[in-house]
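**Q** Residues per chain are reported as follows:
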Amino acid sequence: MNEVKKNPRFWSGKYWRGHSISDTLKEIVEPDIVDVSSIQTHDILNSLVWESNEKIKIDIRKTLLMNAKRFIEFCDAENLTFDDIILTGSMANYNYNENSDMDVHVILDFNQISENKEFVGDFFRLKKALWSDRLPIQVKGYDVEMYFQDSAEPHHSSGTYSLVKDEWVRKPTKKIVNIDSANVQLKSADIMNAIEDLEGNRSEDNFMKKHEALKNKIKKLRQSGLDKSGEFSTENLVFKILRNTGYLEKMVSMKNDYLTQELSLNEFIN
Amino acid sequence: MKKFIVTQVQLNEYVEKKKSEKIFYDILESLHKNVKFLNENVSHKKANQSVVEDYERKNLITPRVYEMLVKHKIINQKSEII
Chain A
1034 MNEVKKNPRF WSGKYWRGHS ISDTLKEIVE PDIVDVSSIQ THDILNSLVW ESNEKIKIDI
1094 RKTLLMNAKR FIEFCDAENL TFDDIILTGS MANYNYNENS DMDVHVILDF NQISENKEFV
1154 GDFFRLKKAL WSDRLPIQVK GYDVEMYFQD SAEPHHSSGT YSLVKDEWVR KPTKKIVNID
1214 SANVQLKSAD IMNAIEDLEG NRSEDNFMKK HEALKNKIKK LRQSGLDKSG EFSTENLVFK
1274 ILRNTGYLEK MVSMKNDYLT QELSLNEFIN
Chain B
292 MKKFIVTQVQ LNEYVEKKKS EKIFYDILES LHKNVKFLNE NVSHKKANQS VVEDYERKNL
352 ITPRVYEMLV KHKIINQKSE II
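Those sequence lines, one after another, are chains A and B. In this text, residue positions in the first sequence follow my numbering: the first is 1034, and each later residue adds one. In this text, residue positions in the second sequence follow my numbering: the first is 292, and each later residue adds one.
To be clear, the hints were calculated from the coordinates, so they are not data collected in a lab. Be aware that a few hints might be false.
[Unchecked claim] Quick list of in silico lysine-lysine cross-link-like pairs, DSS-like style, CA-CA up to 30 Å:
#1 A:1102 x A:1243
#2 B:313 x A:1243
#3 B:369 x B:310
#4 B:337 x B:349
#5 A:1242 x B:308
#6 B:309 x A:1288
#7 B:313 x A:1283
#8 B:308 x A:1288
#9 A:1243 x B:309
#10 A:1243 x B:369
#11 A:1150 x B:308
#12 A:1283 x B:309
#13 B:324 x B:313
#14 A:1253 x A:1243
All chains, full assembly: derive it from the sequences and hints.
**A** As structure tokens, then:
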């Protein structure tokens, strides 16, 4: 190869001839433009779900319990023993927003199904995917997310309502949550840019490796935040922002696109 | 060195065959896991049926995969676990 062509300056020049600097800068996600409104907290629980005395509305409880019953039957798990069926997540707390789900957790000892907990997790994920695909249920305009939870699994949510006992297991406190919005915006923008970069490098050979590394980074980031400071930790809020703004979905679809392309054969070879 | 001339049709056929085999063996592995790990509390047959339905949901049961599953008596003509 020509000596000049080995020079980074040659390649840099070649790149910038085809890419306008102002266009590239426009694509960069600035922290200031990251919308954090979806992580703000409310003064009261969602009035579509809760009575003013903070008891769940009768029709909501009945519907969610019926959903859980049908879900258990669908998963062929009616012979098992359940500890509780709970409503949890942002809908049982003050941090709900228009993208919130009704998170209904059916709690049971996974050992009843298998000693291999990882297998049980996969088993229920598969059942849940089939269920959600066939029955995209909404209650009062919110998606219902059913989930089997191992009784030994630690639960991070500060709001947990037992649908079976019709009482709070853990009542959320209306404390003023100190959200470091600037830090959330900064970290969110950082990961958004990493996702955008990854999307631009879809044709690279090590795309899958980079994708996996970024996915693990986001996963670890969220887990460390939950372990350290719970659901209002900066890291968990960053995760929520990424989910609410469609960046996590973008990661899934770019991986699927890559795999589809890799497994397809369009070239004519003679 | 001997030269082989491969047509696009042959290549597509080969890739399709390999893809189908991979999906088929993935399904077999999932069914095997059900037998290996599931306790008697849960029906193995229903669990296996869910595995097949999940692959159907993802549009991975191509005619060739379906043919292989029927041939090996894993499902019947109605895609039900035997």
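**Q** If a hint holds in the structure, say so; if it doesn't, say that too.
**A** Each hint, compared with the structure:
Restraint check for residue 1102 of chain A and residue 1243 of chain A: not satisfied, since their Cα atoms lie roughly 41 Å apart, outside the 30 Å limit. Distance restraint check for residue 313 of chain B and residue 1243 of chain A: the Cα-Cα separation of roughly 24 Å lies within the 30 Å cut-off, and the hinted pair is therefore satisfied. Proximity of residue 369 of chain B to residue 310 of chain B is assessed by CA-CA distance (about 23 Å); at most 30 Å being required, the pair is judged to hold. Distance check on the hinted pair: residue 337 of chain B and residue 349 of chain B sit about 18 Å apart at the alpha-carbon level, within 30 Å; holds.
For the hint linking residue 1242 of chain A to residue 308 of chain B, the alpha-carbon distance of about 27 Å falls within 30 Å, and the restraint holds. The hinted pair formed by residue 309 of chain B and residue 1288 of chain A meets the criterion: a straight-line CA distance of about 21 Å does not exceed 30 Å. Between residue 313 of chain B and residue 1283 of chain A the CA atoms are separated by roughly 26 Å; this keeps the pair inside 30 Å, and the hint holds. Of the pairs offered as hints, the one joining residue 308 of chain B and residue 1288 of chain A holds, with about 23 Å between alpha carbons and a cut-off of 30 Å not exceeded.
Taken as a hint, the residue 1243 of chain A and residue 309 of chain B pair is honoured in the structure, with Cα atoms around 26 Å apart against an allowance of 30 Å. With a C-alpha separation of about 41 Å, the suggested pairing of residue 1243 of chain A with residue 369 of chain B is violated against the 30 Å cut-off. For the suggested pair residue 1150 of chain A and residue 308 of chain B, the alpha carbons sit about 34 Å apart, so the restraint of at most 30 Å is broken. Taking the CA atoms of residue 1283 of chain A and residue 309 of chain B, the gap is near 29 Å; set against the 30 Å cutoff, the hint holds.
Note on residue 324 of chain B and residue 313 of chain B: the hinted pairing holds, with a Cα-Cα distance of about 17 Å set against a maximum of 30 Å. Proximity of residue 1253 of chain A to residue 1243 of chain A is assessed by CA-CA distance (about 15 Å); at most 30 Å being required, the pair is judged to hold.
The structure fails to meet hints 1, 10, 11 from the earlier list, while all remaining hints are met.
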